[in-house]
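Taken in order, these protein sequences are the chains called H and C.
With numbering that gives the first Met the number 0, letter number 137 in the first sequence gets 136, and the count goes up by one each step, no holes.
With numbering that gives the first Met the number 0, letter number 18 in the second sequence gets 17, and the count goes up by one each step, no holes.
Any given hint could turn out to be false.
Cβ-to-Cβ under 7 Å is the rule here; a few derived chain C residues that face chain H [what the hints assert, rightly or not]:
#1 86
#2 89
#3 92
#4 127
#5 128
#6 165
#7 166
#8 167
#9 200
#10 244
#11 249
#12 250
#13 344
#14 351
#15 368
#16 369
Below, simulated DSBU-like cross-link-like pairs (lysine-lysine); rule was C-alpha separation at most 35 Å, straight line [said to hold, decoys possible]:
#17 58/H x 135/C
#18 369/C x 23/H
#19 280/C x 100/H
#20 97/C x 150/H
#21 25/H x 183/C
#22 14/H x 278/C
#23 10/C x 173/H
#24 104/H x 280/C
#25 100/H x 278/C
#26 69/C x 14/H
#27 280/C x 190/C
#28 109/H x 280/C
#29 369/C x 100/H
#30 25/H x 190/C
#31 173/H x 183/C
Restraint ranges, calculated between C-beta atoms of paired labels, are given here [said to hold, decoys possible]:
#32 19/C x 170/H: 17 to 25 Å
#33 105/H x 377/C: 24 to 32 Å
#34 109/H x 10/C: 36 to 44 Å
Simulated from the structure, these hints should not be mistaken for lab results.
Model, not experiment: these values are computed from the prediction.
Built from N, CA and C at the ideal position, the CB exists for glycine as well.
Chain by chain, the residues:
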Amino acid sequence: MEIKFNEEALATVNKIIARYPQGKHKSALLPILHIAQAEFGGWLSPETMDYVASILNIKPIEVYEVASFYSMFNLKPVGKCLLEVCRTSSCWTRGAEDVVKHIEKRLNIKEGETTKDGMFTLKTVECLGSCGTAPMLQCGASYHENLTMEKVDALIEEYRAANKQRSYTDLDYKNTL
Amino acid sequence: MGKKLLIHNDKVPNIHTLQVYREHGGYASVEKALKSMTPNDVVEEVKKSGLRGRGGAGFPTGMKWSFLAKPEGVERYLVCNADESEPGTFKDRYLMEKIPHALIEGMITSSYALGAKTSYIYIRGEYFYVARILEKAIEEAYAAGLLGKNILGTDFSHDCYVQVGGGAYICGEETALLESLEGKRGNPRIKPPFPAIAGLYGCPTVVNNVETIAAVCPIVMMGGDEYAKIGVGRSTGTKLISASGHINKPGVYEIELGLPVEEFIYSDEYCGGIINGRKLKAVIAGGSSVPILPAELILKNDKGEPRLMTYESLSEGGFATGTMLGSGGFMVYDETTSIVKNLYTLARFYHHESCGQCSPCREGTGWMEKILHRIVEGHGKPSDIDLLWDIQRKIEGNTICPLGDAAAWPVASAIRHFRAEFEEYINNPSKIKDVKHYYSVNQLAGA
């Protein structure tokens, strides 16, 4: 994969950089990393991070230290659909552990692993602000809330059939709040 | 039914659009402030209103605003803290998602008061889709001349941008948020200097929570004195409470401060009581960081008086018998809940979210998680309870930012009020093994 933004992505990047005062373009780093992660396979390879550094004219280490700090940036490859199940208090009280176990069994992977076909990665995450609609999982930009095992099964089928990468920056999102 | 000022229109179809929002009186505060008030007038009304920061700390907003330095020729910034990450808290998400213009209106009016030409809304990365909703609202506001140059034909010009974070609880701390907004790791800064003197890009900056900024609009419209009549004592106005856990009606509720806690939990207007008619065991009233209280202490204080939803009433008795209103993340636990296992999920959270800058927090949160893990797995030692107590004592007050305290308080309060449960886990591990400490999903779906 060539690590270079297409014209559309580049236009968005330039629009973001223009939000900040002259010389403060480093502020654009997090938003651009999100775009880079979506554009280049769902994770940030060292090549991707170096490319982002070159765009912002900052040192690669400034990108690495930021990418490694925030939990939404994947520093290793993940499946096309990263299933992020919230497990903190309110979700836990309403059965988040069941959801994790169910997905593990259904996809035959453990938490943190990716299915052999590269379709799904299962991750447990901390509070996503969906406590009133617990249990929940996030995949890309979508929040899937008030989960039941049936809903989880249907979601997995839907995603498998669509066979496409899900990113936080996706414009088509679902939410049920 | 209490007065509602923030989300009274949340069920109106298409209230997220500018047109419908304006049809329901939206942007009147921008009109009023820019055309008939000086910036200082707005600050004075906010001071009179008694509005206190709705993010959790409860610091008087008018006072925070009056600290803002105003050196000649230096930019000033308003930054909205929409990094809502405190477990149990989802009120800002609700407000932004349902009525995005309520925040944008507040940003413009507040920026006018502060003399800020530029403002940023820093929103947690996981809320990416909410950021899209806000961006759409901002676009509409620009097109209608409510943002940009010479707003509504006045001298005031303003630009507002949305910035997405990367998934870090710590960025809800205002100086960590500013670091993150500058494109760095979210490590909190040493204070002083406070952001009011040196904030974003070293310029004077006010950082306010979403709900705080939205509340400025009704304050400008009704006047600070009128706003201050709502509520009790120094807890004025209305507050968004996000209720979750073992209740019949989880969700976001706008209450008048002063509502009795018991009414909030059991009234059908709010939480609607405990699931399956079970007994209330405990409540975390203001987001995961505030002390957990057993049923008898959350409903009544140690003097036997009913506890009210106010900053003062909830904190009555100090940490020995009280707690805090915090962010309004109201988590309810019924009689089946294992306090120890629940605490383990919180300790794991704080360990995950510690930025790693200060040793007591970085190391201590990890130790607390490990010790709690071995207790819930049935390998706890009798000395573990005192060890946990000792560790949390050594974190509290010894870190740059309040995350350390936030990690310590849940542990301290759980031991203080539920010590017997820890002992039970440690003395009878076989008894607790294989016991399910939470509702299964299908059990709830059938409920």
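request  = Return the numbers of the hints above that this structure violates; sort them in rising order.
outcome  = Violated hints: 15, 16, 18, 22, 27; rest satisfied.
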